[in-house]
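**Student:** Sequence order for the protein chains is S and B. Per this note's numbering, the first sequence starts with residue 1, numbered consecutively. Per this note's numbering, the second sequence starts with residue 1, numbered consecutively.
By construction, these hints were calculated from the structure, which means they are not laboratory data. Predicted, not measured: the structure shown is a model, and the values here were computed from it. Idealized CB from N, CA, C, for every residue including glycine. Treat the hints with caution; some may be incorrect.
What the hints assert, rightly or not - Chain S side only, calculated, beta carbon under 10 Å to chain B, not exhaustive:
no., residue
1, K15
2, G17
3, D20
4, I209
5, E210
6, Q214
Said to hold, decoys possible - Below are the SDA-like pairs computed for lysine to any residue, each with C-alpha atoms no more than 20 Å apart in a straight line:
no., chain 1, residue 1, chain 2, residue 2
7, S, K108, S, R129
8, B, K276, S, L56
9, B, K276, S, H122
10, B, K152, S, Q214
11, B, K152, S, K15
12, B, K25, S, R233
13, B, K25, S, Q214
14, S, K15, B, P281
15, S, K128, B, P281
16, S, K31, S, V240
17, B, K34, S, Q214
18, B, K34, S, S13
19, S, K95, B, Y271
20, B, K16, S, L213
21, S, K15, B, R279
22, S, K95, B, F278
23, S, K15, B, S35
24, B, K276, S, F125
25, B, K276, S, R54
26, B, K16, S, K31
27, S, K128, B, L280
28, B, K34, S, V240
29, B, K276, S, V240
30, S, K19, B, K34
31, B, K268, S, R129
32, B, K14, S, R182
33, S, K15, B, K14
34, B, K152, S, D211
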Amino acid sequence: MPEKVNVALAQISCKVGDKDHNIRKIERYVKQAKKKRANLIVFPELALTGYVCRDLVYELAEPIPGPSVHRLEAIAKRENMHIVLGMLEKSSKAKAVLHNTAVLISPKGFIGKYQKMHLPTHSVFEEKRYFRGGYQTPVFDTSIGKLGLIICYDVFFPEITRLLRLKGAQLVICISASPSVRRGFFEVLTTARALENTMFLAYVNLVGIEDGLQFWGGSRMIAPSGKIFAQARYDEEDMVVTQIDYSDMDRVEVFVPMLRDLRPELFDSLKKQAENL
Amino acid sequence: MKVPTLRLSPNVLKLKWPLVTTRIKRFIKDYVDKSRMKGIVLGVSGGIDSSTTAALASLAIGGKKVLALSMPEEETYNATDIKHIKMLAEKFGFQIETIDISPILRAYYDSLPIYDAQEKRGKGNLKARTRMTCWYYYANRLERIVCGSSDKSETMIGYFTKWGDAAADISPLMDLYKTQVRQLAAYIGVPDEIIAKPSTPALWPGHLAEEELGIKYEMLDLTLLGLENFLAPEEIARQLKLPLKLVLDIKARWLANEHKRRAPLTTKLGYRTAGKDFRLPYTS
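Full structure from sequences and hints, please.
**Tutor:** Right, here's the structure in full:
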């Protein structure tokens with residue numbers, strides 16, 4: 001496994017409900033990323049369809065793997081690229097069982113998926129109306145490192161990123177569709193998740209306007225020290241390519257050894273308290 | 001002592017105006033582009049809301065694509081307002097068309113058997129709705145969208161004519177309170193004379209908003225901000241040193257006017273119902 005990986009953070013705007021249009025745009029960005037020698041390109045949450053799909057989710061969602069994943073597999077293979085993006089997933093067993101899902105595709109094909117666990121249903125968000133929360137927190141051991149996936153609001157819950165780190169993740173990828181009024185929360189929390197786990201965190205946010213919601217972009221790569229060392233523009237479509245060096249984790253882990261100092265007995269207490277809010 | 005979750009002071013209504021301006025401009029341009037229409041039509045009165053909207057629309061898509069309809073009528077004609085509209089158009093480069101709606105209104109008055117010249121509300125609303133029909137006529141003819149000027153204060157308390165002045169395809173100021181619109185107006189360069197004028201819906205002679213509402217916008221906005229933030233009326237009254245009855249009246253008015261803000265109510269009979277669980281996104 002290489003120590004160094006080039007990652008493209010591709011914050012795109014999407015045409016709501018138009019998968020064909022969005023896949024064509026994704027392919028253009030993959031080609032650009034390839035020219036910039038990226039090994040991995042990350043797109044936002046629900047990049048295949050746009051975020052505010054409302055009742056259209058029932059017709060837009062697909063099994064994973066399914067037709068759109070197969071198209072993305074062909075692109076990944078042709079461009080020799082790893083791709084992470086968000087899409088609507090439909091259960092093969094029931095029409096109303098949908099997930100807000102991140103998929104990971106390698107040049108050799110589909111690797112795996114993560115189903116969003118924490119579904120925001122407050123303010124302008126209505127995800128629990130449509131989606132079932134996921135139960136799995138896989139870490140994918142790939143040729144470009146050990147990767148964990150989370151989606152947007154998941155980053156407010158430190159448990160999930162910690163769990164991915166304890167399972168061995170070196171790079172946690174957080175895909176997002178965050179509207180502008182919440183920018184401050186994400187800027188703090190993404191840095192915190194990287195630092196408290198001394199690992200890399202790639203955050204890729206949507207841009208554009210959907211139903212009056214303006215998504216703020218600002219995608220970033222955060223080092224194990226919490227330092228933001230690559231950042232895309234705010235509010236506009238943009239892509240930045242940056243290199244991560246997993247050996248950086250070793251040095252930071254010695255300087256701020258949080259994993260060494262973890263106290264597992266607190267987790268039992270946390271569980272009990274959380275059950276009695 | 002219990003610490004309030006939100007301290008109601010003018011400071012909390014201050015926003016980052018350069019950022020707000022950018023976001024509103026982007027919103028307007030994005031909507032016009034996606035709708036594939038050729039520009040914007042909007043009604044202008046010479047007041048703060050429509051002046052600020054016309055200026056922002058011009059900054060967003062260029063003044064040549066913004067047509068401001070000035071629609072005076074004989075009862076409320078105000079030469080200063082007309083002068084202000086021209087001054088603003090010169091500064092921001094938008095187009096003006098002036099239509100005297102007095103003959104249209106007189107036709108209504110002559111045609112409606114129950115018309116009562118002394119009755120204010122129905123007559124005032126008729127003026128607002130007459131203007132609205134003209135905006136949409138121009139929008140249809142010129143393949144443009146109608147841009148509304150409603151602010152958050154009047155939207156929350158229902159201080160507008162249903163299907164009249166609030167009717168629009170987009171309303172870029174609808175999430176800003178009146179006192180915030182004043183700050184935004186100053187930031188983008190709306191002339192002071194317009195910002196300083198007392199607000200008026202101009203539905204009848206001498207019609208002044210704060211007089212009719214019985215409260216200054218500075219206090220109304222903070223009261224509404226408290227309600228928006230789930231503060232109890234008692235807490236709002238305590239912080240703002242207002243009579244509790246006044247705060248309760250504002251809250252009652254906010255709740256009672258939900259019918260003005262929504263699609264028409266129906267009773268559920270089918271599988272999916274417009275305005276209830278027929279939940280579709282904007283896809284263009």
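**Student:** Does each hint fit the structure? Answer for all of them.
**Tutor:** Hints, verified against the model:
Checking S:K15 against chain B by beta carbon gives a least distance of about 8 Å; that is within 10 Å, so the hint holds. Because the smallest distance between the Cβ of S:G17 and any Cβ of chain B comes to about 5 Å, under 10 Å, the interface hint for this residue holds. Annotation: S:D20 was flagged as interfacial toward chain B, and the flag is violated, the nearest CB pair being 13 Å apart, outside 10 Å. Annotation: S:I209 was flagged as interfacial toward chain B, and the flag holds, the nearest CB pair being 5 Å apart, inside 10 Å.
This hint holds: S:E210 has a C-beta 7 Å from the nearest C-beta of chain B, less than the 10 Å allowed. Nearest Cβ of chain B to the Cβ of S:Q214: about 6 Å, under the 10 Å cut. The hint holds. This hinted pair does not check out: S:K108 and S:R129 have alpha carbons roughly 35 Å apart, beyond 20 Å. Between B:K276 and S:L56 the alpha-carbon distance is near 15 Å, which keeps this suggested pair within the 20 Å criterion.
Between the alpha carbons of B:K276 and S:H122 the distance comes to roughly 18 Å, so the proposed pair stays at or under 20 Å and holds. Between B:K152 and S:Q214 the alpha-carbon distance is near 19 Å, which keeps this suggested pair within the 20 Å criterion. For the suggested pair B:K152 and S:K15, the alpha carbons sit about 29 Å apart, so the restraint of at most 20 Å is broken. Restraint check for B:K25 and S:R233: satisfied, since their Cα atoms lie roughly 18 Å apart, inside the 20 Å limit.
Restraint check for B:K25 and S:Q214: the C-alpha separation of about 12 Å stays at or below 20 Å, so the hint holds. Our distance criterion of 20 Å between C-alpha atoms is met by S:K15 and B:P281, whose separation comes to about 11 Å. Between S:K128 and B:P281 the alpha-carbon distance is near 17 Å, which keeps this suggested pair within the 20 Å criterion. With a CA separation close to 13 Å, the supplied pair S:K31 and S:V240 stays within the 20 Å bound.
Annotation: proposed proximity of B:K34 to S:Q214 holds, straight-line Cα distance about 15 Å (limit 20 Å). In summary, the hint linking B:K34 to S:S13 is supported, as the alpha carbons are separated by about 13 Å, within the 20 Å threshold. In summary, the hint linking S:K95 to B:Y271 is supported, as the alpha carbons are separated by about 16 Å, within the 20 Å threshold. Of the pairs offered as hints, the one joining B:K16 and S:L213 holds, with about 18 Å between alpha carbons and a cut-off of 20 Å not exceeded.
This hinted pair checks out: S:K15 and B:R279 have alpha carbons roughly 18 Å apart, not beyond 20 Å. Simply put, S:K95 and B:F278 have alpha-carbon atoms about 18 Å apart, close enough for the 20 Å limit, and the pair holds. The suggested pairing of S:K15 with B:S35 holds, with an alpha-carbon distance near 13 Å, which does not exceed 20 Å. For the given pair, B:K276 sits about 16 Å from S:F125 by alpha-carbon distance, which is consistent with the 20 Å threshold.
The suggested pairing of B:K276 with S:R54 holds, with an alpha-carbon distance near 13 Å, which does not exceed 20 Å. Pair hint B:K16 plus S:K31 does not hold up; C-alpha atoms about 38 Å apart against a cutoff of 20 Å. Among the hinted pairs, S:K128 with B:L280 is consistent with the structure: their alpha-carbon atoms are about 16 Å apart, no more than 20 Å. Pair hint B:K34 plus S:V240 does not hold up; C-alpha atoms about 27 Å apart against a cutoff of 20 Å.
Only pairs whose Cα atoms come within 20 Å are accepted, and B:K276 paired with S:V240 is rejected, the gap being roughly 42 Å. Between S:K19 and B:K34 the alpha-carbon distance is near 17 Å, which keeps this suggested pair within the 20 Å criterion. Straight-line distance between C-alpha atoms of B:K268 and S:R129 comes to about 19 Å, which keeps the hinted pair within the 20 Å bound. Restraint check for B:K14 and S:R182: satisfied, since their Cα atoms lie roughly 17 Å apart, inside the 20 Å limit.
Distance restraint check for S:K15 and B:K14: the Cα-Cα separation of roughly 33 Å exceeds the 20 Å cut-off, and the hinted pair is therefore not satisfied. Proximity of B:K152 to S:D211 is assessed by CA-CA distance (about 18 Å); at most 20 Å being required, the pair is judged to hold.
Hint violations for this structure: numbers 3, 7, 11, 26, 28, 29, 33, all remaining hints satisfied.
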